[in-house]
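Residue numbers (the numbering used here), protein chains in the order written: chain A, 1 to 277; chain B, 1 to 295.
Derived from the structure by calculation, the hints contain no laboratory data.
All values reported here derive from a predicted model rather than from experimental measurement.
A portion of the hints provided could be inaccurate.
Capping the alpha-carbon separation at 20 Å, the derived lysine to aspartate or glutamate pairs in EDC-like fashion look like this [claimed, not checked]:
1. K105(B) / E264(A)
2. K163(A) / E10(B)
3. K35(B) / E58(B)
4. K163(A) / E290(B)
5. K35(B) / E260(B)
Quick partial rundown of chain A residues pointing at chain B, CB under 7 Å, derived from the structure [what the hints assert, rightly or not]:
6. A15
7. V88
8. A95
9. L126
10. P145
Pulled from the structure, derived: some chain A residues nowhere near chain B, Cβ distances all over 10 Å [stated by the list, open to error]:
11. Y58
12. R69
13. L72
14. V76
15. T138
16. V187
Cβ atoms here follow ideal geometry from the backbone N, Cα and C, with glycine treated the same way.
Here is what each chain is made of, one letter per residue.
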Amino acid sequence: MRAARAWRRVGIWLAGALLVVNGLFPALWILFTSLKTEAELTRLPITYWPQEPTLANYERAFREAPLLRYFLNSLVVAAGSTALCVAVSAMAAYALARLRLAYAGAILLALVALAMFPPATLLVSLYQIFTGLGLRNTYLGLILPHAALSLPVAVLVLYSFFKTIPRDLEAAALVDGCTRVGALRYVILPLSGPGVFTASLLAFVNSWDEFLLALTLAPAREMRTLPVGITLYQGEYLFPWPLISAALVVAMVPVALVIAVFQERIVAGLTQGALKG
Amino acid sequence: MGRPFRDLSERALAFWLLLPAFALLGLVAVYPVVKLFVTSLQDLHLAYGTQGTFVGLENYRRLLEDGRFLNALRVTLLLTLVTVPGAALVGLGLALLANLPFTLKWPVRLGLLLPWAMPLVFAGLIFRWFFESDYGIVNDILRRLGLSPLYWLTDPNLAFWAISATIVWKTSSFVALVLLAGLQTIPREYYEAAQVDGAAPGQIFFRITLPLLLPSLLVALIFRTITALQTFDIPFAMTGGGPGTATETLAMYIRTQSVENLNFGYGSALAVALFVLCMAVTVVYLRYLERSEEA
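The task is simple: from the sequences and hints, build the whole structure.
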């Protein structure tokens, strides 16, 4: 019995190790790569641990390419689209979850369906429309489509969240002479923090990661987001890996920190957003 | 709150609350799709002028004769056929492992979340470096095993499999997260009862776990299929569609024709083809969502 239990513990440890290695090895490998000199990177046989660790690639990444600018662009676009997406989604989700509305279910499905139109097909028209409106290579030109991109997840997360707030709270406010809008303002809004936060996290990561629309609608060098800027290093350098690896680490650290801190929120939101309210 | 809103009826309030969401979608989804269908019936090539001329279904007729379109369609469907079941199997494995009683849960969860949270192109770049012919770790391992290194990204067949492996790695963590949530809703009593009755582990898996996991698995599969049909980022970062057009997907070809060649008429017809393909799968998802909403 004791031997069986010991084996079970070994098995669990092995399973944990496998999961951690599978998830983290690629990121760790790129971290090691970023700490090696170009001479070490082009030496055979290849080294695993950095032999002469150096931060020179990071210095190069910030000096030779506008990495800081890419970072700021990503931040502005992600923050802007998250704010827009969550505000718009919260209003819609509240109406659908709490107001007496004919066809609420159909409207919810319509919202989700429209927002799931494939970006790869939208880009053909968006390119023409945004060129006409002067929105290409602007922040607003990315904020608008990115906000729409996260709308289904945000609406579904907030919809199921609003459903969990007891109706009696609102009813009490209405009885006390509060208007509908007042009940929304003073009862629902103060309680919606957790739902709004989860939706914001997901919308932020979605925008931070988006590539195809950013590549198409904001390709100008000074307007590129991190994924676009870093991916296009490939065409600009003969051996881009010192630069790419350092830039990838810089780009991944903020997101890694966010998910490390808010793991449970993200997991809960992801499943709510994909499954049902 | 402003005075005009004070006495809004519930219907009117709902209207104003829903308006911004539909306005946003109108601008970046509905209008573009309408324009897409209209433009697909035109000959509109920005290199030759900005006025489109109506040509009926000419662009669609051209689709059927366009070898590059048929190849892109083939690559897209093959990638979908390989990576959706691949990610489902790997994701199921990861979820079952992650559901074990770990004393330390956060490293395991981070291992599932990090691949999910990184941009697809980053996964593509990292795996491109893995598969690099001279200095990549994959060929290094082959050499250490006494095998000859392979040209992963310049051989058409190997490139397809390298891309597929990358997509499976990147997307299986999302599947695993959805399935893990599903696993955690299965009541513990079911397993205890099965054990009391002396059920074998295989029986427990196929008779209890898998059937109860089916709804989550279905959602994950539909989501993965919709995104797989739109595959762009990972092949773009790993091969740029090459060698030649061997790994070019529909989404990549659409972008090349429209944004690079400025052939918006034909590019729109290509996009309509992908749109129809994706929406067919989306309808299945919405049906499911609707049904679970009623349940």
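Going down the list of hints, with the structure as the test:
1. K105(B) / E264(A): 11 Å, holds
2. K163(A) / E10(B): Within the cut-off at roughly 17 Å; holds.
3. K35(B) / E58(B): OK: K35(B) and E58(B) at ~17 Å, within 20 Å.
4. K163(A) / E290(B): 17 Å, holds
5. K35(B) / E260(B): At roughly 19 Å apart (the allowed maximum being 20 Å), E260(B) and K35(B) satisfy the hint.
6. A15: 4 Å, holds
7. V88: 5 Å, holds
8. A95: 4 Å, holds
9. L126: Interface hint status for L126(A): holds (5 Å vs cutoff 7 Å).
10. P145: With a minimum Cβ separation of about 5 Å from chain B (threshold 7 Å), the hint on P145(A) holds.
11. Y58: Fine: 17 Å to the nearest Cβ keeps Y58(A) off the interface.
12. R69: 18 Å, holds
13. L72: 17 Å, holds
14. V76: Non-interface label stands for V76(A): nearest chain B Cβ at 17 Å, farther than 10 Å.
15. T138: 14 Å, holds
16. V187: 13 Å, holds
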